[in-house]
Amino acid sequence: MAGTLHLIAANGTDNLSGTINTRDETLDYFLNEMQNSDDDLAARLLRGAGLLTLREQAGYIPSNDPRPMEKTIKPDEYHQQEHYSPEIVGFLSKIYQGEYAECYPEWLHYVALEEATFPYEALPLMLTLATWFPITQALTKRVMGSRGRWLIDYSGHRGWYWAKHIKPDRKPRLSKYRKYEGRIIVRLQQLGFRRLPLEVSYELRLMTFPWTEVFSQGIVRTIKNMFGRRDAMTYDDLARLADTVKWYIHPDVRENLVTAFSNYNQLNETQAIARNLDALLSFRSAMLDAFMGE
Amino acid sequence: MEAFLPGWTMERVTLLAPDAASAQSGRKLANPRDDNWKAVASDGYSAWAVYHGSTKKPHTLKVDLLKLRHDDKVWDCSCKTYKSPCQHVLALLYMLVDEPEHITVAETPHWVKEWLDKEAISARKREERKKRNRTVTPEKVAQRKVQFAKRKEKISAGLTELEQWLINIIRRGLADPQVRSYEFWDSRAARMVDAQAPGVATWIHSMGSIPAKGTDWIEPLLDQLGRLFLLIESFKRYDVLPAEIQADLRAVLGWHMKRDEVVFFDTPAIKDTWIVTGRYAGTVHNSAEQTNGKRGLKTQRVWLRGLQSGRDALILDFAFGDSLFETHMLPGWAIEAEMNFYPSRYPLRAFINEKYSDVFEGEFIEGENIIENIENYAHALSENPWIQQFPFVLEDVIPVNYDNKWILREVDGTYLPIDEQFEHRWSLLALSGGHPIQVAGEWNGASFYPTGAMVNRRFVDFEVIGKL
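Taken in order, these protein sequences are the chains called L and Y.
Per our numbering, the first sequence starts with residue 931, numbered consecutively.
Per our numbering, the second sequence starts with residue 323, numbered consecutively.
None of these hints come from the bench; they were simulated from the model.
Computed from a prediction, not measured in an experiment: that's the story for all the values here.
Careful: at least some of the hints might be erroneous.
[Claimed, not checked] Rough simulated footprint, nothing fancy, chain Y against chain L, three-plus residues with beta-carbon under 8 Å: (1) 987–998; (2) 1051–1064; (3) 1195–1206.
All C-beta atoms, glycine included, are put in the ideal place defined by N, C-alpha and C.
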């Protein structure tokens, strides 16, 4: 019956020709209502559709799918692990919405380092973020655990195919930061003499070193020295510099770094860079606090 | 050390923030070791601080902790921001929750005492004003009658015009290309805002997205048009209908009843321990501000269930732009309170009339199976056919994705379809791991929208998850 009503509604009552014959008693009832009343045919159709909807809603019978349940994961895994604040989901959401993505690899690094777990509702967010930031894929594979692997297997999600063949990675190592530190500081010093070439910036970004305080202090010292030189840096130089270092900088150097930028000159653009760095490092700090349960 | 705000978490403080930026700034400032904080102290009943940042004059701020524990937002800061609470108050609250050991315990200084006294006087005045407003005087009744008649007339005119518009659509047919245009629906929705029927405006606006959903859109669209037509027909008989049915019609029209109007009805007031089962927050797409490019009206539905009474209650909140919702409660939180219900043939919407406790972490409640929930809905619908969302607490359901159709099924195969608008389907699946969990949500007669879940004795609030 509903099919006939929908057909009439789709074509329009003005375009209806002849009478409608049906063997459906309920439709007969509605059509009689529609045809015998003094009302406009369109009004009668609307009334009939409304009543039918209410009837269907009140008499809703849930469907049944007899297929047996498959693809479950052992439920005990969740119970054995210690969880930290579900607040972390809020931070990840923020990153997912496009803010402070620079904080994500570091957070993930600590999750892997601590062999910690996280609220499961965050898993789809993390898998999607890893698709966006391939640099985080290795760490994501490490931390997603059997629940993550189950989710990927279940979903057949194209975007998550990168994680399809998962080999547990080794625990990330922190011992080589000095090597990286030396390299990046040499690169940064080049900035003092000429503008940061794109390839240097790119190379700096590729250095996925840890976010240690010692290393970050070294960076800030170098930047301060650069700012102390006479060579004027353009806004582009400053922006690129900030953009390069913000991925790796430790929140504890926030004050020094932000002051260095904000003291360089009083131009609005420079102050905006300083403010953005400040906001980013605050976010980084808050996110780590939420993870560490402080 | 005894907590200044017992049971409070950082998350709960964040919930008070008018926007994410304020919360972040608050967190940034929340360091009692920072030299800019010249004093951070409390006597257990109130807290105060002096913050001297980059401005010439230091900011003085104070918070009434006793009131805050009962969810009454009483604070003050001398900074000039329009945001409330400002970043300084948020920072103070963060410090009270997170680092109570760094808060000096001291006698209340005179400037805080003076403020508390002033606040107490203002609160008393507010209470008196409220009482005065609630008191029904003959003048007020006469004034209300005039307002009521004017609005009813406006709505009647709007609905008469709408009736003809609906008839014209069906005459021309839903296959008419203009039906697929959003503008077609939005312009009519705007007319209904002018006719002071915002509920109908939102309804019409939402219809605009149905033709864009795919191939099978005629049926759901006709369902909605048919129901809207019945509403128009019912409203024509408004004057002869019983008061509760009139109230139900008003609710669906968006002609919301004020709290003081509730006294005219014999509505239930239930004292109980109320547990939040779910929360939905969204935007109302009908405000004139939004069409002018300004930030629109936000709405929040908090669903609660009485532990002893088993009654469901809905607290409906509205807020503009960055302002806060009046109710700050997350799934799993509870409060002992007297809940007053708005008049209806099947009362659901309510407000907290009297609080008997602070908000605390609630007990876990048992839900019902799908059939029991559907039976409850059928009963509710027979009383009030205009129910748009009905609360379900589904016990032992498993989220499943069959050929891109998401459902919540029981082990025996009985299932409900998950609403397509629900964006956190993968998160729900990740939470369950293919095992039965408890999911609370809203049933609209055709699909289920999850608003909260309980997994391994932990409540999950979907509103904090990013859009997937």
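Evaluated hints:
1. 987–998: holds (count 11)
2. 1051–1064: holds (count 6)
3. 1195–1206: Per the Cβ count (0), the hint is violated.
Hint check: a violation occurs at hint 3 only; the rest are consistent with the structure.
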